[in-house]
Amino acid sequence: MAKSPRALPGFEISLGYTLTVLTLLLVLPLVACLFKAATLTPTEFLGAVWTKRAIATYMLSFGASAVAALINVLIGLLLAWVLVRYDFYGRRFLDALIDLPFALPTAVAGLVYSALLVKNGWYGQFLVPLGIQGAYSRLGIVIVLVFVGLPFVVRTVQPVLESLEGEAEEAAAMLGASRWQTMWRVLFPALQPSLMTGFALSFARGLGEYGSVIFISGNMPFKTEIAPFLIVARLEQFAYAEATAIAIVLMGMSLASLALVNWLERRSRRYAS
Amino acid sequence: MHPSGVRTKKSAGGLVADEPLWLRVLLIGAAYAVIGLLILVPVAYVFVQAFAEGWQGYVKNLWHDPDTRHSIFLTLTVAPLAVLLNTVFGLAAAWTITRFKFPGRTLLVTLLDVPFAISPVVVGLMFVLLFGMQGYLGPSLRQMGIKVIFAWPGLLLATTFVTLPFVARELIPLMESLGSEEEVAAVSLGASPWQLFWRITLPNIKWGLVYGIIQCHARAIGEFGAVYVVSGRIAGETDTMPLRVEKLFQEYNNPGSFAVASLLTLMALVTLAGKYMLERYIAQQMAATRENTES
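Protein chains in written order, with my numbering: chain X, 5 to 277; chain V, 65 to 359.
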């Protein structure tokens, strides 16, 4: 068939507008970022991103985000399971509340958690005597990152669990599988891709999170300083190129983790099918 | 519809051995504990702290502090503007991506997700590099009398960047699943592009659009990292509400900080209520149309 004219109007104008906005808002700033980093010699670049203080921030950002994302996988699986499989008083209320961390400004989360976890706060009065320091500690960072990333895993696992409808489980049970076997051999493989997506989203969010963490961490170099905070600190010293270099490392980390999980997810989908 | 009490939802067949009652109760209890400790108590605590000095203290903290008042006005100006920009952008992007095939379409979809992968602090940094006084474009814009960094245009740019994908990502799957038959039919019957949009496309996607706007707006109000970097945090000038929360916290003005935080929390709760009602409405609509087509 010959090329037919496009059936619907507005292709040129909508594509043009989309591309203009993306270029001005997204591509141009990214290019500026690379340009700025390119003004540094390789040695200067390394000198900016590979200091002891900078390495400590990467380790903390990476570690705290990973731990928080892992906790979110466990909590998220529990919540999704309970909300999809059981019918109980207050189910819809709980379901609606899950989205609160997305709607609540992260600064508010940081403020509240730091006030709750200090020595005479509602949580701190029980935890601090046990030696659990929530405020101004790495634990506090993990706690706020768990809060901020909570909805990701629930909302990626929930639809998958709903679509399973228990048929595969019924079949497995009829064929004589025990509950644990059904759980590990039937349910878990089906849920695994969505669990990984949830982990990745929560992890990437944690890496970049700033608003909530600065309230609770105390931002002490080598102890509770996260990578985004170091970027801001460098900016405030007008060390733009150094700030940009660290920013590029941080962006690389989150893009790499998202790409890795994308790949893992595709691989496990292939095995599943 | 849902009988209350602890019951599995698909017990009719009875083939699957349901979890024993104690396990169900344990799991549901754990879910309540997690949501209670992580979400409910913190929300309650915001209001307890905000009203620690009583209603009058609350009003004083919120309204009689000119810098706080200004931050409320600023947030309520910048956030809706960013939402407006992203609504137009989301419509254009979703129309382009779902209604036409062209080379580079997948790349465009991928680009839409980039704002989610970049730390808000880095977003702010990128705009400082472009528009700051030592930036690539800053000095020449300054000569034309345009100030971007440490001024509201910077706040708007940063907020728009961070919330860029929300409306588009809500609309793309929706418009994909709706298909374009109705629109093609309208065009072949002679509808103008304007009629096509207002009479066919918009009525079909309106609830998805509202949903996207709600989410975009919530995020725009709460944006912190990107705005923190580009604003310069000038009290009474470039402090938005979340920045005001941080500044009052640094000044050991806890009641003031919690007062602003309570207003932000209230907005978040309204957002949640709006989403919840919208979801129920859509479910009802869908059930109604299903009944109509079946009978």
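Please note: incorrect hints may appear among the correct ones.
[Said to hold, decoys possible] With a Cα cut of at most 25 Å, we get these calculated BS3-like pairs of lysine-lysine:
{"no.": "1", "chain 1": "X", "residue 1": "123", "chain 2": "V", "residue 2": "311"}
{"no.": "2", "chain 1": "V", "residue 1": "339", "chain 2": "V", "residue 2": "270"}
{"no.": "3", "chain 1": "V", "residue 1": "311", "chain 2": "V", "residue 2": "211"}
{"no.": "4", "chain 1": "V", "residue 1": "311", "chain 2": "X", "residue 2": "227"}
{"no.": "5", "chain 1": "V", "residue 1": "311", "chain 2": "V", "residue 2": "124"}
{"no.": "6", "chain 1": "X", "residue 1": "123", "chain 2": "X", "residue 2": "227"}
[Unchecked claim] Cβ pair distances, simulated, as ranges:
{"no.": "7", "chain 1": "V", "residue 1": "111", "chain 2": "X", "residue 2": "163", "range": "44 to 50 Å"}
{"no.": "8", "chain 1": "X", "residue 1": "260", "chain 2": "V", "residue 2": "342", "range": "49 to 55 Å"}
{"no.": "9", "chain 1": "X", "residue 1": "46", "chain 2": "V", "residue 2": "337", "range": "33 to 39 Å"}
Keep in mind the hints are simulated off the structure, nothing from the lab.
All residues carry an ideal CB built from backbone N, CA and C; glycine is no exception.
| request: Compare the distance between the alpha carbons of residue 339 of chain V and residue 270 of chain V with 25 Å, and conclude whether the hinted pair is satisfied. | output: holds (14 Å)
| said: Need the status of pair residue 311 of chain V, residue 124 of chain V: alpha-carbon distance at most 25 Å? | reply: Between residue 311 of chain V and residue 124 of chain V the Cα gap is close to 17 Å, so the pair holds against 25 Å.
| task | Mind checking the alpha carbons of residue 311 of chain V and residue 211 of chain V for me, to see if they're no more than 25 Å apart? | result | holds (23 Å)
| query | Is it true that residue 260 of chain X and residue 342 of chain V lie within 49 to 55 Å of each other by Cβ? | reply | violated (36 Å)
| said: Assuming the hint says 44 to 50 Å, is it satisfied by the Cβ distance from residue 111 of chain V to residue 163 of chain X or not? | reply: violated (33 Å)
| query | Are the Cα positions of residue 311 of chain V and residue 227 of chain X separated by 25 Å at most? | reply | holds (23 Å)
| message | Run the distance test for residue 123 of chain X versus residue 227 of chain X: straight-line Cα separation, threshold 25 Å. | response | holds (20 Å)
| task | For the pair we were handed, residue 123 of chain X and residue 311 of chain V, check the Cα-Cα distance against 25 Å. | result | holds (22 Å)
| 33 to 39 Å as the expected CB spacing between residue 337 of chain V and residue 46 of chain X, which holds or is violated | Check failed, 54 Å falls outside 33 to 39 Å.
Of the numbered hints given earlier, the model fails hints 7, 8, 9; all others are met.
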